[in-house]
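Colleague: Chain residues, written in single-letter form:
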Amino acid sequence: MGRGRGAGHVPAPLRGTAERRDADRTDARKATHHLSIFIASIAFGLVTSAVLALASVGFTLQFAVTNVLNLAYGAVMIASAFIAYAVNQAGVNVWIAAVVAALTGAVFSLFLNNVVYTPFQRRGTSPIAMVIVALGMTLILEFGTQAIAGGTNVSFTMGQGPTFQAGSFQLTGVQLAIIILSVVSMLGIHVLIRFTRLGKAMRATAANRNLARNCGIRTDRVVTLTWLITGALCGLAGAVFAMDAGTFGATSTDLFLVLILAAVFLGGPGEPYGAMLGALVIGLATEVSAAFIVPDYKDVIAFVILLAMLAVRPTGLLGART
Amino acid sequence: MSADQREAGPDDQPKVQGVSLRTVEVTAGYGGSPIIHGVSVHVEPAEVVSIVGPNGSGKSTLLKSLVGIVDVLSGQVLVGDRDVTNWAPEAVARIGVGYVPQVDDIFSPLTVRENLEMGGYLLRPREVSGRVERVLTVFPQLRRMLGRRAGKLSGGERKMLAMGRVLMLQPALVVLDEPTANLAPIVALSVLRDHVRQLALTGASVLIVEQRAKAVLEISDRTYVLGGGQLRMEGTPAELAASPDFIESFLGGQGATARAAGT
Amino acid sequence: MIYYLTTLLVYGGVDAIACLGLSQQFGVAGVTNFGFIIFQAAGAYAAGVLSLPSDSANGAFQSYVGGLHLPFPFPLIGAAIVGGLLALPFASIVGKRLRGDFAAIGLLVTAVMANLLVTNYRPFLNGAAGLSLVPSPLGGLMNPQSVGYQWGYSAVAVVLAALTYLFVTRITNSPYGRTLRAMRDNDIVADSLGKNLRSLRTSSLVVGGAIAGLSGGMLVGFINLWDPQAWGYAETIVLFAAVIIGGLGNHRGAVLGAIVVPLGFEEASRYIPAIGNPGLIPALQWVAIGLLIVLFLWFRPQGILPERRRIIAGQAFTEQSTAPDPTGAGQRVGRVLDVDAAPPPSTAPVRLRVRSDADARDIILETVGLVRAFEGVRAVDGVSIAFQRGQLTGLIGPNGAGKSTTLAMLAGTLPVTEGRILYRGEDVTQIPAFRRARSGLVRTFQLASEFKKLTVMENLLTAVPDQRGDTFRAAVLGRRYWGRQEHEATERAKQMLEEFGLSALADRYAGDLSGGQRRLVEIMRSLMAEPEVLLLDEPMAGVHPRLAHQIGERLVGLCGKGMTIVMVEHELAIMDEFCDPVVVMAEGRVLAQGTMASLRATEEVVEAYLVG
Chain A
5 MGRGRGAGHV PAPLRGTAER RDADRTDARK ATHHLSIFIA SIAFGLVTSA
55 VLALASVGFT LQFAVTNVLN LAYGAVMIAS AFIAYAVNQA GVNVWIAAVV
105 AALTGAVFSL FLNNVVYTPF QRRGTSPIAM VIVALGMTLI LEFGTQAIAG
155 GTNVSFTMGQ GPTFQAGSFQ LTGVQLAIII LSVVSMLGIH VLIRFTRLGK
205 AMRATAANRN LARNCGIRTD RVVTLTWLIT GALCGLAGAV FAMDAGTFGA
255 TSTDLFLVLI LAAVFLGGPG EPYGAMLGAL VIGLATEVSA AFIVPDYKDV
305 IAFVILLAML AVRPTGLLGA RT
Chain B
4 MSADQREAGP DDQPKVQGVS LRTVEVTAGY GGSPIIHGVS VHVEPAEVVS
54 IVGPNGSGKS TLLKSLVGIV DVLSGQVLVG DRDVTNWAPE AVARIGVGYV
104 PQVDDIFSPL TVRENLEMGG YLLRPREVSG RVERVLTVFP QLRRMLGRRA
154 GKLSGGERKM LAMGRVLMLQ PALVVLDEPT ANLAPIVALS VLRDHVRQLA
204 LTGASVLIVE QRAKAVLEIS DRTYVLGGGQ LRMEGTPAEL AASPDFIESF
254 LGGQGATARA AGT
Chain C
3 MIYYLTTLLV YGGVDAIACL GLSQQFGVAG VTNFGFIIFQ AAGAYAAGVL
53 SLPSDSANGA FQSYVGGLHL PFPFPLIGAA IVGGLLALPF ASIVGKRLRG
103 DFAAIGLLVT AVMANLLVTN YRPFLNGAAG LSLVPSPLGG LMNPQSVGYQ
153 WGYSAVAVVL AALTYLFVTR ITNSPYGRTL RAMRDNDIVA DSLGKNLRSL
203 RTSSLVVGGA IAGLSGGMLV GFINLWDPQA WGYAETIVLF AAVIIGGLGN
253 HRGAVLGAIV VPLGFEEASR YIPAIGNPGL IPALQWVAIG LLIVLFLWFR
303 PQGILPERRR IIAGQAFTEQ STAPDPTGAG QRVGRVLDVD AAPPPSTAPV
353 RLRVRSDADA RDIILETVGL VRAFEGVRAV DGVSIAFQRG QLTGLIGPNG
403 AGKSTTLAML AGTLPVTEGR ILYRGEDVTQ IPAFRRARSG LVRTFQLASE
453 FKKLTVMENL LTAVPDQRGD TFRAAVLGRR YWGRQEHEAT ERAKQMLEEF
503 GLSALADRYA GDLSGGQRRL VEIMRSLMAE PEVLLLDEPM AGVHPRLAHQ
553 IGERLVGLCG KGMTIVMVEH ELAIMDEFCD PVVVMAEGRV LAQGTMASLR
603 ATEEVVEAYL VG
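Chains as they are written, first to last, in the numbering used here: chain A, 5 to 326; chain B, 4 to 266; chain C, 3 to 614.
Since the hints were derived computationally from the structure, they do not count as laboratory data.
No residue lacks a Cβ here, since even glycine has one placed at the ideal position from N, Cα and C.
Just to be clear, a hint being listed does not mean it is correct.
Stated by the list, open to error - Reference excerpt, derived from the structure (chain C facing chain A, CB under 7 Å, subset only):
id	residue
1	PRO125
2	VAL289
3	LEU299
4	ASP514
5	LEU515
6	SER516
7	GLY518
8	GLN519
If we strip away everything but chain A, and leave its shape as in the complex, we get (with noise of 0.2 Å):
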């Protein structure tokens, strides 16, 4: 196991979009102007915003109707983009392919939660050995999409469509499409929260579960339904994610999984606006920081928000103070 004896196990950290968005800034540089560069890298965290909301609304909602963090969450979003790979490969056209990975990210975190999460509530078991379990299942997710797939990258088979430009402001058709479905997902989500039964429900089983039963409401289900709708969520965040990196393998969301809990923290553990909000900040943030240190350490203003969050105040920017 590691530890420079060689086990297969490469950590791939975004390393196909930095290699594509490295060539792009040199592109960028050539204009020589700061402010260029400064809007060139709004572009690009608008694109890791874009993943970064699909992948982080759904985590939130999760914790909030069962309270817990799903820390497998990055692993059931790869393997989602795996399967998307493979009807992709079939000759099916990458856009169709992610539907489907929606999907089986449905399928995948409801088993999740119903099979593994709830048996261990249920049981009295403490945060922290649910923080166990779900590092365990995300071993068990990754590496077994690892074995069944094969340890080198792969890339989806797709065009990258037509390139839009305004000055230094520059995105690929794709990089667009996924803007797009991020903020028609975001608005679903919203009317979702906001104007349905089912909205209502999961606000309160969020809110006070004994109540939300009290009130008639069958809170079983409603987790179900939860469940299912953030795993299509997850799926789908798997599938762009892949299709924003360019290349992929197995353990390519290890480090996207911080970014999903610095936007997650940030907005408030459970707030789903909140969840928004933070991958805005944490997009931008990772990618204009990027224009202006060394690339390689983007990540690290992530982290940091992350801690600072963790350290003053947990319930988040929306959530209330406790």
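Keeping the supplied structure of chain A fixed, place chains B and C upon it in accordance with the hints.
Modeller: Below, chains B and C alone, put in the same frame as chain A:
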């Protein structure tokens, strides 16, 4: 409170058909170890019945076993003519039983209006705002707090909101667990005399567990005294107030409880 | 073949040392440090840069700090020291009152971030490429590739592992170790019994960190290279898995876990034919580890070798006496009076001493305008009570009166909003609970507060004040240092158990007892603390009336010898018999004070109970 007083009802309130509640030799407790033993109480339709007793007597456990939070280990719980023993809380709510717990009785992160709307979850969406209006006539003080976050309310206001939430379903039976706990005396009296009375005026049957025995006796048709997980005494407020054993059972003296238990 | 064996031994030794460090920190002290791997890495890096020359090349030049080219054993010692020192900043994170899973994430993320920073900042530790060409210890004297050297290295590894095992075992089996386990089981209660949690946690982190550093130093000297890939967060999971599977709280289990998980998996992969693509077997290893974690946590959370029940040797139980001495001969009381061998057989309530200002010096505990306000609710609203030495004061009142809150503020387990608390005339309002406990102000708790995974005897022993064996230094010095006092304490505990009729339960886990029995253990434990003032929070709840009566008599006897007791209770019959004065609280204020009989006649008190 006499029956004819209740005939009148508050203005514009459709009368609810109160339902009866009957427990038959209920033994209940957490995780298999019983806290109450062989308790049989009954509430007739539209009656207000209170259960009093010293701390640790099992009053709360009894209520929780009625609404499905605590396991009934033996015995039966009947609402109307339905056996609801060990039904899940949401199922019990769906047949018109409203439960106001002692703590965690509101949705803190939601606003007052949202709390009420959540209470009306089982209603058809069209009916909700009308029902909210009716609840606001019963508890007018809530009207000026509609936009406020429920977690920021004072103790008395929260309890009022909790009762308002329960009222949204126009329950046939309302079960309250120590509604005056942690409230200042004046507020407590007002909660009992005004708010609980309002609940009763809608025609619902009311079962209320309280530590403030004297105050709750004022508004009850009948009262049970619970001690050590078992039923000790039963009677109308007049009967109990006249009984020396009643007062003693609160202020200690093993003699009193022993006498009452017939040992 | 020989190289295979020696390699196995070295890896096994290194893994065992690391797991023992984690076992001590996590299994015994309950400190969940998900950044544990950083300490091993720091040790390895430290040993590396201490033993490397000022510059070295492997293809291109490596860049790193240090390069002191020190000979054995300095790099190894440096590794342990660096590991230990690194723990200090972590100590401030771990102590915070953060939700367990949130804190775990913070530490995990810190480990990942450290890895990221080291990987990307080349001048520090040569970045992603890591350190290579690390000299083997004593490589100049002997050819590192020779068989003799290999055997020598493995011998050192095994010996160090054995020494580590002896070291952590020695610590765990001492009174200090017992205190660590108590902190693990219930830190708030440990705090109230006089244990300094912050210092205990810090030292656990430092010790664990030093041991982890040592393991890193041993490893890097053998494989001569070290890079960030060797210590990703997955490696921390492996170590936690090893300790959990082997058995939490059992050091032999930690060694077993080290052999089964890191070592076993690595070696097992050699024998599985390379099927499928090259990454398949390693990936399946990780899957298997994940499965093992989840399955073990579900089916056998205590691990293969569960924590051993500690039976204090040489216990012989006398028959349970039919009439336990109510005044507790042999029970040391307070700090001022001597042990009294002749018990006055009194069961009558202690007579109330006439209160007058002349007796002010006898007021041992006092609250002045005590207020507790939280989220707009004034649970305690201006309470001023003076408790005289030698009194058994009852504190009663309806639900929500503020009795338990007042008690908690007296003990220091709840902060005061306004007002003062005076103990022996000194203002202790800002003094933390554990210090108050050490100076004789001890409390019990209303809800479950026994140390579940300690035996009843151990529960009693944790409370003994000024234990010689209760420091790290004493633990290292060993039984010769603390043995005698421990024996005396054990004898006292045995007598206490006899008097309460629970001798037969001495070696049962406190968590396995019935509710009433646990209550008794708590009372006994608080008495073992030799309190000067004892604060009891509903001690009789769930206790059989006859036994409650006996306890009451015992308490009265103790007061007769100078102990002061404040007791919150609902069982008013107890107040009748034993308490004088009785203070009635309602709505956060004191309503009245006097004997129970007089209070029953007081209109307001009756109203308070029936109305509020």
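Colleague: Which of the listed hints are broken here?
Modeller: 1, 4, 5, 6, 7 and 8
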